[in-house]
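S.K.: Taken in order, these protein sequences are the chains called A and B. For what it's worth, the numbering used here labels the leading residue of the first sequence as 44, then goes sequentially. For what it's worth, the numbering used here labels the leading residue of the second sequence as 130, then goes sequentially.
In case anyone wonders, no lab produced these hints; they're calculated from the structure. Keep in mind that the hints are not guaranteed to be accurate.
[What the hints assert, rightly or not] Lysine-lysine pairs mimicking BS3-like chemistry, simulated, CA-CA at most 30 Å apart:
id, chain 1, residue 1, chain 2, residue 2
1, A, 78, B, 137
2, B, 266, A, 194
3, B, 145, A, 62
4, A, 194, B, 234
5, B, 402, A, 192
6, B, 266, B, 303
7, B, 137, A, 54
8, A, 190, B, 170
9, B, 235, A, 190
10, A, 54, B, 145
11, B, 145, A, 78
12, A, 190, B, 234
13, A, 193, B, 234
14, B, 170, A, 194
15, A, 190, B, 303
16, A, 62, B, 137
17, B, 234, A, 62
18, B, 137, A, 193
19, A, 193, B, 170
20, B, 402, A, 193
21, A, 62, B, 235
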Amino acid sequence: MAGLRVLVGVKRVIDYAVKVRVAAGGGGVQTQGVKHSLNPFCEIALEEGVRLRERGAAAEVVAVSVGTRVCQAIDDDCNQTGQLLAAMLDWPQGTFASRVEPEGEWVRVQREVDGGLETLRLRLPAVLTADLRLNEPRYATLPNIMKAKKKPLEVVAASEFLGGGSPPAPPRLRVLKLEEPPPRGGGQRVDDVPALLERLRASGCI
Amino acid sequence: IELTDEQKEFQATARKFAVEEIIPVAAQYDKTGEYPLPLIKRAWELGLMNSHIPESCGGLGLGSFEACLITEELAYGCTGVQTAIEANSLGQMPVIIAGNEHQQKKYLGRMTEEPMMCAYCVTEPGAGSDVAGIKTKAEKKGDEYVINGQKMWITNGGKANWYFLLARTNPDPKAPASKAFTGFIVEADSPGIQIGRKEMNMGQRCSDTRGIVFEDVRVPKENVLITEGAGFKIAMGAFDKTRPPVAAGAVGLAKRALDEATRYALERKTFGKPIVEHQAVSFLLAEMAMKVELARMAYQRAAWEVDAGRRNTYYASIAKAFAGDIANQVATDAVQIFGGNGFNTEYPVEKLMRDAKIFQV
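In isolation and in its complexed conformation, chain A is listed as follows (with noise of 0.2 Å):
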C-alpha cells in the first residue's frame, strides 16, 4: 500500500564462510583478522524491502545499523533479535518468512517451519525477519554502487532515541565460557542393524 514504511536491521557479522575460532581466554571468538561480512540474512531482508518499493506495495525502505562506527557485531545465531523487538514493541511477528505480501493493512508472511509451510495474516505494523528461501538478493550492479555513495547516511546518536537522558540498562546476560566442541574422535564400522544394536547397547548409548 502507498504509504508502507520498511526499516530494516542490518549488522555486519563474521562472514558466513570463515570458520569461527574461540579466542584466547574463552571469554569470545576470535575477530582480529577474520572476515567480516554484511549479514546474509540482513541482505536478503533489504532485497525484499526493495523488491516491495518495487512494485509499489511499500513507499520507502530505510536500512539502519546499530553500534560502533564499524556497526560490528558478532552473531551469535541466536535468532532472538526480531522476536525481543517484537515483545517490546508490542508488535506481530512473522519470523522464517519465505514469502511476504502486503495487504492493505494486513501483512500475509509465509514461514518456513519444521513441519513445512505456514501462513500468518498479521496486523500493520508487524516485524519479520528473513529465512534464506526468501529470495536471492540482487548483484550490486556498477552505477548503483556508484548512486548508493551519493544517498543520505545519517548517523544519529543514540542518546536521541532514548529520551530523559537515561543510558540503557546493562546487559543482564554475562558469558562465562567458550570453548569449541572435542575433536571428533574415530568411527566404527558394523556389518549389519543388529550389530549395529549390540554396539549402541555394549557401550550404554541405549
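The hints should help you fit chain B onto chain A, whose structure is shown.
M.R.: Same frame as chain A, now just chain B:
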C-alpha cells in the same frame, strides 16, 4: 594501499560475477571457441564493461585503477572473456582521450545504450610492435578518406559495431611517425570491409580474433580524431591507459593458477603426506605468491600514476612485461604442481598455461 569502500564494492561485484557466472562455463567456451555473448551481456548489465566511458555519454567515468580492479577479477574467471571485454576499452580509449563532443556522444553513447562491441584496428600482418611500420593507407578525396589495407589479430574483429583505425595519411616515407598517421572511427558495416575468418588460437579461444581487409573503404572527414597526422600520438596515448588493465588481467590469471595449485597441494598426497608438506612444492607456492603480489603492486602503481594525471608509460610497460612473464611462470608451475593431472583437460590449469602465453606476446 587501502581501497575505498566504493572500490571494494566494485571488486566484490566483479568477483561474484567471475566466480558464479564465468568460471562454471569457461572450460566449455574454451573447448568450442564460441563467443561468450551471454557473459558479455551480463557484464554489460552489471556495469562491468565500458567503465572508462565519461558520464556525459552514459558511462561511469572510472579511472584506470578501478578498471584494473575489475579486470583482475574477471580474468580470474577466464582471460578469454576478460580480453573480449577489455578490447572494448582499448577501442574506445582513442575516442575518450581525443574525440570531440559529437564523436563521443555518437560512438561512446551507443555503447552505453545496449551491449555492443568495438575494436582497435592497428596491428597488421607486417607490423605489430612496430606501429610506425603500418602500411594501411588513407587518401583524402573531397570530404572523405579512402582506406586501403589489411589489419590482423583484431580482437572483436567479427563482433564490433565500429573500429578505431590507424592508417598512414602521409605517403612520404621520410615523414616522422608523429605526423604521418591519422586515427579514424570506422563503422563496421561500411562497404569494402572484408572480415576474415575467426582465428583458432592457443589460448583465450573464446575471444574473437580476425584479419580484416579494407578495400576502398570511405570514411567521412568528421570521423577523423583531432586532425590528420595526429593518429600516432592518440594510439600511443590509448596504450598508457589500457596497458595497466592488461597487466591486471595477467595477474588475475596468475592468482587463479596460484589458488588452484594451493588447493590441490593441500589435498593430493604422495609419500604419506599432502604434497604441500614437501619443501620443493611449498617453496614453489611461496615464490608463486610473491610474483602475484609484486605484479599486482606494479599495475597498481602504473594505474595510479596515469589517474593522477602523470605520464605513466615507464610504469605501465614494466607492469605489463612483468605481469605477463610471471603469469606464464605461475601457470606453468601450477601445471607442475598438478603433475599428470595438470596436463589433462579435466583440470583447470592447462587452460591457464595456454591462456597466459599471449600476455608475453
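S.K.: A separate judgement is required for each hint: does it hold in the structure or not?
M.R.: Hints versus structure:
no., hint, verdict
1, A/78 x B/137, "holds (13 Å)"
2, B/266 x A/194, "violated (52 Å)"
3, B/145 x A/62, "holds (20 Å)"
4, A/194 x B/234, "holds (28 Å)"
5, B/402 x A/192, "violated (50 Å)"
6, B/266 x B/303, "holds (15 Å)"
7, B/137 x A/54, "holds (18 Å)"
8, A/190 x B/170, "holds (22 Å)"
9, B/235 x A/190, "holds (25 Å)"
10, A/54 x B/145, "holds (21 Å)"
11, B/145 x A/78, "holds (16 Å)"
12, A/190 x B/234, "holds (22 Å)"
13, A/193 x B/234, "holds (25 Å)"
14, B/170 x A/194, "holds (28 Å)"
15, A/190 x B/303, "violated (52 Å)"
16, A/62 x B/137, "holds (22 Å)"
17, B/234 x A/62, "violated (51 Å)"
18, B/137 x A/193, "holds (16 Å)"
19, A/193 x B/170, "holds (27 Å)"
20, B/402 x A/193, "violated (54 Å)"
21, A/62 x B/235, "violated (52 Å)"
Against the hints set out earlier in the document, violations occur for numbers 2, 5, 15, 17, 20 and 21.
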